[in-house]
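From first to last, the protein sequence lines are chains A and B.
Its first residue numbered 3, the first sequence is counted upward by one per residue in my numbering.
Its first residue numbered 0, the second sequence is counted upward by one per residue in my numbering.
If you're looking for bench data, these hints aren't it; they were derived computationally from the structure.
The structure presented is a predicted model; accordingly, all values stated were derived computationally and were not measured.
In this text, a Cβ means the ideal position worked out from N, Cα and C, and glycines have one as well.
Errors might be hidden in some of the hints.
Said to hold, decoys possible - Coverage of chain B stretches by chain A, computed from C-beta distances (three or more under 8 angstroms per stretch; other residues unrestricted): (1) 100-107; (2) 126-137; (3) 140-150; (4) 165-178.
To be verified - DEER-style ranges, computed between Cβ atoms: (5) B:Gly105 <-> A:Glu140: 33 to 41 angstroms; (6) A:Glu271 <-> B:Met0: 47 to 55 angstroms; (7) A:Ala387 <-> B:Asp38: 53 to 61 angstroms; (8) B:Met161 <-> A:Ala222: 47 to 55 angstroms; (9) A:Glu271 <-> B:Gly79: 27 to 35 angstroms; (10) B:Asp38 <-> A:Thr30: 57 to 65 angstroms; (11) A:Gln103 <-> B:Thr134: 37 to 45 angstroms; (12) B:Asn87 <-> A:Leu37: 48 to 56 angstroms; (13) A:Arg104 <-> B:Glu218: 40 to 48 angstroms.
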Amino acid sequence: MVYHVDQRGFFGFFGGSYIPEMLVPNITELQSRYLEIIEDASFQAEFRQLLRDYVGRPTPLYPARRLSEKLGYPLFLKREDLNHTGAHKINNAIGQILLAQRLGKRRIIAETGAGQHGVATATVCALMGVECFVYMGEIDMKRQAPNVRRMQMLGTKVIPVTSGSRVLKDAANEAMRDWIAHPEDTHYILGSAVGPHPFPDMVMRFQAVISEEIKTQLPAQTPYQLPHSIIACVGGGSNAIGAFAHFLDTPSVVLIGVEAAGKGLDSGETAATIARGREGVLHGSKTLVMQTEDGQITEAHSISAGLDYPGVGPQHAHLARTGRATYVSVTDEEALVAAHELARLEGIIPALETAHALAYLPRHQAGPDQPVVLCLSGRGDKDMATYCPEA
Amino acid sequence: MNRIEALFARTERKVLSMFTTAGYPALDDTLRVCRALQDAGVEMIELGFPFSDPLADGPTIQRSNEQALANGMSLKVLFGQLKALRDNVDIPVLLMGYLNPVLQYGVERFCAACAEVGIDGLILPDMPVDEYKETYQALFAKYDLRSVFLVTPQTSPERIRMLDEITTGFLYVVSVASVTGNKLAVDDTRKQYFQRIHEMKLKSPTMVGFGIHDRQSFEESTAMLRGGIIGSALLKVLETSKDIEADVRSFVADIRPVV
Numbered sequence: 003m004v005y006h007v008d009q010r011g012f013f014g015f016f017g018g019s020y021i022p023e024m025l026v027p028n029i030t031e032l033q034s035r036y037l038e039i040i041e042d043a044s045f046q047a048e049f050r051q052l053l054r055d056y057v058g059r060p061t062p063l064y065p066a067r068r069l070s071e072k073l074g075y076p077l078f079l080k081r082e083d084l085n086h087t088g089a090h091k092i093n094n095a096i097g098q099i100l101l102a103q104r105l106g107k108r109r110i111i112a113e114t115g116a117g118q119h120g121v122a123t124a125t126v127c128a129l130m131g132v133e134c135f136v137y138m139g140e141i142d143m144k145r146q147a148p149n150v151r152r153m154q155m156l157g158t159k160v161i162p163v164t165s166g167s168r169v170l171k172d173a174a175n176e177a178m179r180d181w182i183a184h185p186e187d188t189h190y191i192l193g194s195a196v197g198p199h200p201f202p203d204m205v206m207r208f209q210a211v212i213s214e215e216i217k218t219q220l221p222a223q224t225p226y227q228l229p230h231s232i233i234a235c236v237g238g239g240s241n242a243i244g245a246f247a248h249f250l251d252t253p254s255v256v257l258i259g260v261e262a263a264g265k266g267l268d269s270g271e272t273a274a275t276i277a278r279g280r281e282g283v284l285h286g287s288k289t290l291v292m293q294t295e296d297g298q299i300t301e302a303h304s305i306s307a308g309l310d311y312p313g314v315g316p317q318h319a320h321l322a323r324t325g326r327a328t329y330v331s332v333t334d335e336e337a338l339v340a341a342h343e344l345a346r347l348e349g350i351i352p353a354l355e356t357a358h359a360l361a362y363l364p365r366h367q368a369g370p371d372q373p374v375v376l377c378l379s380g381r382g383d384k385d386m387a388t389y390c391p392e393a
Numbered sequence: 000m001n002r003i004e005a006l007f008a009r010t011e012r013k014v015l016s017m018f019t020t021a022g023y024p025a026l027d028d029t030l031r032v033c034r035a036l037q038d039a040g041v042e043m044i045e046l047g048f049p050f051s052d053p054l055a056d057g058p059t060i061q062r063s064n065e066q067a068l069a070n071g072m073s074l075k076v077l078f079g080q081l082k083a084l085r086d087n088v089d090i091p092v093l094l095m096g097y098l099n100p101v102l103q104y105g106v107e108r109f110c111a112a113c114a115e116v117g118i119d120g121l122i123l124p125d126m127p128v129d130e131y132k133e134t135y136q137a138l139f140a141k142y143d144l145r146s147v148f149l150v151t152p153q154t155s156p157e158r159i160r161m162l163d164e165i166t167t168g169f170l171y172v173v174s175v176a177s178v179t180g181n182k183l184a185v186d187d188t189r190k191q192y193f194q195r196i197h198e199m200k201l202k203s204p205t206m207v208g209f210g211i212h213d214r215q216s217f218e219e220s221t222a223m224l225r226g227g228i229i230g231s232a233l234l235k236v237l238e239t240s241k242d243i244e245a246d247v248r249s250f251v252a253d254i255r256p257v258v
């Protein structure tokens, strides 16, 4: 089975490039140049150096002793929360800003949900001295206010999105509209493994550093050669695909993506797209989408702004369809409990998104000799108002 | 002969086409607006079926989509309304919209329903060219539906030639790099672009759209092309209209005075 993108930009049935003609020149340019640029030695040298000296990679693979005792299997946390700006999003932002420079683009746009991708993009734009505009749903601006202020301090203009449901999906629509109106000088740094080809594959390549490090750290630091399983939260799915990437073709490694069930899979207020979506087209790719019978995209619900998305990356749709990865879901409530537990047991306050992956752990099947790696995708500073509303 | 081709064959003057959203302003206004447009002298209609995430559209068409969906519009409801289409209008009518609702309805079932109610063509801007050639082209032909493709100021000459080859009915010339509804100013850059399209001597009739909002922008943008399409400016009229027939009549008369 092939789990990677094919010549035409598809992962099996999913993916492709379903875009209006206005976006064709930019997307075609990316499609024809991204591999050549990314694989170039000078690009790789610059990318690797920034990941080391600026982002702080490699991130630790930390054995969570107290949580492991409780769970009955050895748990390792891949500490993406320790990256500069506090989440895995910076890996992709660094990669895409270097790509944008090589394409001669001087203006950057991005969408953001939780604000982590917005902050990462604002950061790399400050670093490179380029103009940056971030689209963010009005609702998300309220629930992730600290990240709005961070972006502004970094010199980015945060544009409130008041159309549609005023969350991540709508922010992506507005970013696409901006790109249509700026067809020549602008690069769109898409933050998740979604969108028209080549974005899902390109974002996967930049995030694949996560699994590349896991693959060397585990045998170097522990008695284990390979993880038994890898667990990550999935909204669009960029941290998960990065954590899975180097193990896709090692069938013994169990891959588990954790979606946000919101108030429950059948509550009508959920963001668990793989569980409740059907084949459709959203934001330029064919994937699983939560929609009505008439093909209207429905509003997702999750307590976590970063998972509040009615689609999912096409590669995840393919991994689910082929059975290579398994997708489960946890509710808002379960995620909150798990976040507090990690804080008390390990002294780590995780992002609400990551808390979904943590909440799944007690249900996970692994033995005392089976190492489980969880991608701790981000830190929870931005979520304090949700975690401790009285404070 | 397909009504679209008959229209271009029949008239030498600039073709005036308008876009409206089905189920807007009220759910049952679809045919009423179409008839008002025909009575006012509009020669072709693009009837938009709404989508929740219209990413190539500006605020006016977004609002009309949201309102139509809130009114209860869907493809199923629309095809029910359109059973009476040909009792009301005889000008060409194309359905325009995003691909996902069509995929969910079923592409062949959609085509068959179009043919049954007398739809002449389709504009599906996010339908990939490759997929069209491999899958849909034969299907659309089977149901005698024209399929209109778009070109933009950034489209390369080679790609314009390719799109001119595959488009049927007409070629949709997007006036400017923008979403719909930003008022078009026909400056020297625009004129050069329209001139460039004109000089390519394309086989398809060229209809310009995006941002045409008054008589001047219609006349200037169609000077070297076959005709023009007006959408958002009409929807703005409908948005506040108390008398659809009268307001459509005066809006169209402002664009193109009755000879």
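Status of each hint after checking the structure:
By the rule of at least three residues with a Cβ nearer than 8 angstroms to a Cβ of chain A, the coverage given for the region 100-107 of chain B holds, with 5 such residues. For the region 126-137 of chain B, the proposed coverage by chain A is satisfied: 4 residues have a C-beta within less than 8 angstroms of a C-beta in that chain, meeting the threshold of three. Beta-carbon proximity to chain A at under 8 angstroms applies to 3 residues in the region 140-150 of chain B; the threshold of 3 is reached and the given coverage holds. Counting residues of the region 165-178 of chain B whose C-beta sits closer than 8 angstroms to any C-beta of chain A gives 4, which meets the bar of three, so the coverage hint holds.
Our hint of 33 to 41 angstroms for B:Gly105 and A:Glu140 holds, since their Cβ atoms are close to 36 angstroms apart. Between A:Glu271 and B:Met0 the Cβ separation comes to about 52 angstroms, which falls inside the hinted range of 47 to 55 angstroms. Checked against the hint of 53 to 61 angstroms, the pair A:Ala387 and B:Asp38 passes, with Cβ atoms roughly 57 angstroms apart. In this structure, B:Met161 and A:Ala222 meet the distance hint of 47 to 55 angstroms, their C-beta atoms being roughly 53 angstroms apart.
In this structure, A:Glu271 and B:Gly79 meet the distance hint of 27 to 35 angstroms, their C-beta atoms being roughly 31 angstroms apart. For B:Asp38 and A:Thr30, the Cβ-Cβ distance of about 43 angstroms falls outside the hinted range of 57 to 65 angstroms, so the restraint is violated. Under the hint 37 to 45 angstroms, the C-beta atoms of A:Gln103 and B:Thr134, about 38 angstroms apart, fit the expected range. The beta-carbon spacing between B:Asn87 and A:Leu37, approximately 53 angstroms, falls within the hinted interval of 48 to 56 angstroms.
Between A:Arg104 and B:Glu218 the C-beta distance comes to about 44 angstroms, which sits within the given range of 40 to 48 angstroms.
Checked against the numbered hints given earlier, this structure breaks only hint 10.
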